[in-house]
Every structure is written in C-alpha cells, then in structure tokens.
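*Asks:* Chains as they are written, first to last, in UniProt numbering: chain A, 1 to 285; chain B, 1 to 285.
Treat each hint with caution, since some may be false.
No copy is singled out in the list; a pair is fine if it fits within one copy or between any two copies.
As the list claims (entries may be wrong) - In silico DSBU-like cross-links for lysine-lysine, where the CA-CA straight-line distance does not exceed 35 Å:
1) LYS51 to LYS216
2) LYS223 to LYS40
3) LYS40 to LYS266
4) LYS51 to LYS40
5) LYS93 to LYS223
6) LYS216 to LYS40
7) LYS277 to LYS51
8) LYS40 to LYS277
9) LYS277 to LYS93
10) LYS277 to LYS223
In short, the hints are calculated from the structure, not lab data.
Protein chains: 2
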Amino acid sequence: MSVPKKRRSTRMIELTRAFLESPNTLFSLTEWADTYGSAKSSLSEDVAMIKTTFETQGIGTVVTFAGAQGGVMYVPSMAFSQAHSLVVSLIQKVEDPSRILPGGYVYLTDLLGDPYVLRQIGRLVAALFPAHTFDVIMTVETKGIPLAYAASYALNRRVVIARRDSQITEGSLVTINYVSGSNRHIQTMSLSRRMVPEGARVLIIDDFLRGGGTLKGMSDLLKEFRATPIGAFVLMEAESEGVRLYDDHISLLRLNMLDDTHQTLKVEAGNVFSRWKAEADYDRL
Amino acid sequence: MSVPKKRRSTRMIELTRAFLESPNTLFSLTEWADTYGSAKSSLSEDVAMIKTTFETQGIGTVVTFAGAQGGVMYVPSMAFSQAHSLVVSLIQKVEDPSRILPGGYVYLTDLLGDPYVLRQIGRLVAALFPAHTFDVIMTVETKGIPLAYAASYALNRRVVIARRDSQITEGSLVTINYVSGSNRHIQTMSLSRRMVPEGARVLIIDDFLRGGGTLKGMSDLLKEFRATPIGAFVLMEAESEGVRLYDDHISLLRLNMLDDTHQTLKVEAGNVFSRWKAEADYDRL
Chain A
1 MSVPKKRRST RMIELTRAFL ESPNTLFSLT EWADTYGSAK SSLSEDVAMI KTTFETQGIG
61 TVVTFAGAQG GVMYVPSMAF SQAHSLVVSL IQKVEDPSRI LPGGYVYLTD LLGDPYVLRQ
121 IGRLVAALFP AHTFDVIMTV ETKGIPLAYA ASYALNRRVV IARRDSQITE GSLVTINYVS
181 GSNRHIQTMS LSRRMVPEGA RVLIIDDFLR GGGTLKGMSD LLKEFRATPI GAFVLMEAES
241 EGVRLYDDHI SLLRLNMLDD THQTLKVEAG NVFSRWKAEA DYDRL
Chain B
1 MSVPKKRRST RMIELTRAFL ESPNTLFSLT EWADTYGSAK SSLSEDVAMI KTTFETQGIG
61 TVVTFAGAQG GVMYVPSMAF SQAHSLVVSL IQKVEDPSRI LPGGYVYLTD LLGDPYVLRQ
121 IGRLVAALFP AHTFDVIMTV ETKGIPLAYA ASYALNRRVV IARRDSQITE GSLVTINYVS
181 GSNRHIQTMS LSRRMVPEGA RVLIIDDFLR GGGTLKGMSD LLKEFRATPI GAFVLMEAES
241 EGVRLYDDHI SLLRLNMLDD THQTLKVEAG NVFSRWKAEA DYDRL
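Build out the structure end to end from the sequences listed, making use of the hints.
*Replies:* Laid out in structure tokens, this is it:
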C-alpha cells in the first residue's frame with residue numbers, strides 16, 4: 001500500500017509546482033496521465049484537491065475546460081481578507097516619518113525591492129485584473145518596473161517598458177511627447193515597435209499617481225499601436241492641485257497628507273476596495 | 001482511511017507552496033506541527049518526500065537544520081542539464097537576424113519581458129550564486145532590472161537599483177562618475193543611501209557586458225557603502241576592442257560575431273558552464 005500512496009504525494013508536489021510556476025497556463029490531463037502512468041480519473045481527483053486547497057488558502061482557483069482542447073489551469077487571485085491585511089501592513093510601513101522626502105514625496109524604494117511584498121502585490125493585481133482580460137503589461141521606467149514584473153510573475157503576462165530616452169537597443173521606437181501632470185513639463189516616452197501587437201489589450205502599471213500625466217502618456221502611446229488600455233494600477237496616489245489627467249485607475253494606497261515641516265504623513269487605503277470584484281470573478285470563470 | 005490520506009495530500013500542497021513561494025526561508029517544523037495538528041515525525045516524512053521530488057526535478061533541495069533554532073529551508077537551484085537546455089534554447093532564439101540592430105547591438109527586449117524565460121534565468125542564478133553567499137542584488141536601470149528581479153524571486157533577496165539620474169524619490173544618494181568601457185564616455189550612477197547596509201555582500205546583475213565599465217562602476221559605487229561585490233552575472237557578453245575593465249563575471253551567452261552588413265550573427269554559450277559549481281554546492285549545505 002505504501003508505493004501508490006507515495007506516488008500520489010509525488011504527483012501532488014509536482015502538479016502544485018506546475019500550477020504555481022505557470023499560472024494561467026493550460027495543462028492537458030491526458031499528457032499528465034501519460035507522464036505519471038495514472039488514470040485521468042486519479043489526476044482529476046488530485047486536481048480537485050489542489051483546487052480546494054488553493055481556494056481555502058485564498059490564492060485563486062483551478063479551472064477545468066472540457067473537450068478535446070480542454071485541460072486544467074490555475075487562475076491566481078487573492079482573498080479580500082488577504083488584500084485587506086496587505087494594505088494595512090503597507091500603511092503601517094509607509095506611515096513612518098523617516099520616509100518623508102522634500103517636495104511632498106515618500107520614500108518607497110525599499111518596498112519596491114522586497115520580493116515578499118512584491119509577490120503579494122502581484123497576486124493582488126491578479127485578483128483585480130484577471131489574465132483573460134488583457135494580453136500585455138505596460139509600465140514606464142524606472143520605479144513602475146518592479147510592480148509590473150510582480151504582476152507578470154503572478155499572471156504570466158509579458159511586460160513592455162516605455163523608456164524616457166531613445167535607446168538603440170530597443171530597435172525602432174514609437175515616441176510621443178506628453179505633459180507631466182504635476183509640473184506641466186513636456187516629457188518624452190518611447191516604446192519599442194516590436195513589443196506591442198496591434199489590437200493588444202494592455203494593463204498599465206506605475207508606482208505613483210499625482211497629476212495623472214504619466215498614465216495619460218502611456219495610454220496615448222498605446223493608441224499609436226492601436227492597442228487598448230483595459231485599466232491602470234498604481235501603488236500610491238496623492239492629491240494633485242491641478243486637474244487630474246487620468247482617472248480610470250486602481251490605487252493600493254493614498255497619500256492623504258504630507259507635512260515636511262512637522263514631519264508627519266497620513267496614508268490610507270486607495271480606491272482598491274471600492275473596485276474589488278475578485279470574488280465575483282471566481283464564479284464567472 | 002480516506003480522511004488521513006486527504007490530510008497528507010493537503011499538507012503536501014501547502015508545504016510545497018510554502019517552499020516555492022518563500023525560498024531560502026527557514027520554516028519551523030514545530031509550528032507546522034501545531035498548524036496541521038500532525039506529529040513532527042509525519043511532517044518530517046512530508047518534507048523528505050518534497051526534498052526527493054525537488055531534487056529529482058532538479059529545482060534544488062530542502063535542507064534541515066537541527067536544534068532549537070532549527071527548521072527546514074528550500075534552497076533553489078537548477079540541474080546542469082536544465083541550464084544547458086536553457087542556454088541552447090536562448091541561443092536559438094537570439095540567433096535570429098531580425099534581432100540585429102545598428103551599432104553591433106542585439107534586440108533582447110522581448111526576452112527580458114517574458115516571465116517564463118525570466119523564471120528560468122532566476123533559478124539559474126540561484127544555482128550559480130547560492131543565497132548564503134550574499135545579502136542584496138544590485139543592478140542599474142533599465143534593462144538589468146528584469147534580470148535582477150528574476151534572481152530576487154528565485155533567491156528571496158532584495159534588489160537595489162542604481163539610477164543614471166538623481167531622483168528626488170530616492171532620498172539621499174551616493175553618486176559616482178565612471179568611464180563607460182565601450183565609448184569612454186563619462187557617466188553618472190547613483191544609489192540610494194538607505195538601500196545598502198554597510199558590509200553587505202552584493203550580487204551584481206546586468207543585461208550586457210562589453211567594455212565592463214558599467215560593472216566596474218557598480219563595483220566602485222559599492223565601495224562607497226563599504227559593501228563587497230561577491231560576483232557579477234550578465235545575460236550576454238560581447239568582445240570589446242579596448243581593455244576590459246571588469247572580468248570577474250559569469251555570462252549566460254556570448255555574442256561572437258555580428259555583421260550588420262550581411263545581417264548575420266553568431267551566439268554561443270558564455271562562460272557559465274566553466275564556472276558551474278551548483279551541484280557541488282548541494283553537498284556543502
């Protein structure tokens with residue numbers, strides 16, 4: 001009796017790894033049945049157990065597609081309660097007066113370098129923007145890049161990075177000028193022509209939103225590729241004195257007050273919870 | 001009999017996930033025993049099965065530390081044969097004449113946006129530079145960033161990014177001028193003062209090495225922090241006409257010939273295999 005038990009355990013480990021390392025990827029039960037020399041019905045039971053465990057842990061679900069082209073796929077997500085805990089812990093970390101920088105900025109670079117924080121943010125983005133709603137993740141250098149890759153790892157979607165200079169290593173580029181929202185400066189942004197297919201649906205990610213000029217710039221740049229932004233995610237937003245140029249975004253945090261004279265700052269949750277629909281999406285799949 | 005069997009399966013899924021999502025992190029068997037209401041001996045058996053499966057799959061090992069402060073830890077790695085396959089597949093992808101850019105450059109941006117490729121490169125870096133040998137990963141914007149985060153995810157080490165401009169959002173900075181190896185231009189590089197603790201051991205990562213000026217610049221910048229580079233990893237190196245300013249690196253690929261008149265290029269493996277010691281490291285742990 002102990003040999004078949006061990007084989008199920010080994011399968012469990014390997015299937016769990018396959019799902020976690022290749023989210024939103026269709027696996028064929030027929031191929032797995034060949035690999036493991038197991039009946040498809042046993043593998044279906046394994047997958048059902050993994051699905052239940054993942055759902056209990058709040059990290060998403062496993063979806064089964066029937067038919068000849070069918071298979072199983074891990075769709076990552078995040079439970080509402082986990083998202084809430086993440087935001088609370090980030091607020092605690094960010095509301096530290098030593099983070100106050102001149103000019104109304106907040107030091108966030110350490111968080112953007114932390115793989116533990118990024119992994120969680122990635123799964124949160126997966127909960128907000130399921131992979132079937134878009135094809136490519138876009139950001140602009142430099143500080144949006146870690147967030148974009150966090151989402152890329154969680155969702156298994158490619159990243160394209162808009163550059164502020166025209167680098168020869170990007171090949172031919174599409175370049176636009178745009179108005180930076182906060183100080184009304186004219187800035188330049190370029191995107192490699194090869195990186196965004198025509199008609200692509202694009203999730204925009206950036207670290208900080210104030211006037212919205214950068215998000216608007218990215219959105220305008222995508223028009224040159226006949227691509228469509230399906231939404232935008234930012235780590236933190238702050239009030240802008242002028243008109244905001246981009247409004248259709250989801251923010252994780254909101255910088256509500258920053259007083260560099262008295263070294264105090266106030267951070268709260270962004271609009272993420274008012275836009276939450278992840279749990280409803282479980283049912284739609 | 002079916003209830004305990006299911007519980008072992010559930011444990012297998014959850015422990016596998018814990019290891020894969022938190023590599024190089026010490027887990028306490030005692031705490032797990034409490035969580036699962038299982039005997040430590042059962043959990044030890046679970047961990048032994050996961051260790052065997054991970055080693056068979058060539059993705060690393062699970063190390064057990066004895067004593068009161070003991071526990072279990074997943075140490076990610078990559079089998080030599082997988083590293084070989086990865087390099088062969090990258091050579092095939094890169095040796096495509098449509099990648100040739102003016103000035104002897106190769107278009108690699110698509111690979112640096114691909115989460116599947118990056119996940120594998122991350123594990124390869126883990127095989128070359130085990131986490132116990134360094135504290136922090138350093139890169140310079142922009143194209144080294146995806147590689148640095150790939151290693152960060154695989155190894156669970158923080159990333160610090162040197163900037164080419166002095167951004168206010170980085171707080172106080174240490175800035176150096178350095179000589180770019182290929183064209184002998186003077187360039188500037190800055191690193192946030194808060195990001196590198198004194199005495200830190202640092203793994204340097206970049207996308208491309210020609211003259212070695214950038215790697216030398218990063219290494220020099222670290223001296224200002226009294227930090228020590230323990231090694232450098234680059235995706236691709238190419239011959240430089242002048243003296244190479246940095247030599248202590250491991251490269252995955254080598255650009256051997258690029259002829260933009262005849263649109264041909266020749267890529268081979270870098271020095272990665274001559275530096276391979278990952279399997280020996282298994283025994284040292």
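*Asks:* The structure should be examined with respect to each hint, and the outcome stated for every one.
*Replies:* Now for the hints, and whether the structure bears them out:
1. LYS51 to LYS216: Neither: 39 Å inside a chain and 49 Å across chains, both beyond 35 Å.
2. LYS223 to LYS40: So LYS223 and LYS40 fail the 35 Å test inside a copy (46 Å) and across (58 Å) alike.
3. LYS40 to LYS266: neither (55 Å within a copy, 45 Å between copies)
4. LYS51 to LYS40: Both: 16 Å inside a chain and 26 Å across chains, each within 35 Å.
5. LYS93 to LYS223: between (37 Å within a copy, 29 Å between copies)
6. LYS216 to LYS40: neither (49 Å within a copy, 55 Å between copies)
7. LYS277 to LYS51: Classified as within; 20 Å inside a copy, 38 Å across copies.
8. LYS40 to LYS277: Close inside one copy (34 Å), not across copies (40 Å); limit 35 Å.
9. LYS277 to LYS93: Only inside one copy: LYS277 and LYS93 sit 26 Å apart there, 39 Å across copies, limit 35 Å.
10. LYS277 to LYS223: Within one copy only: 27 Å inside, 49 Å across.
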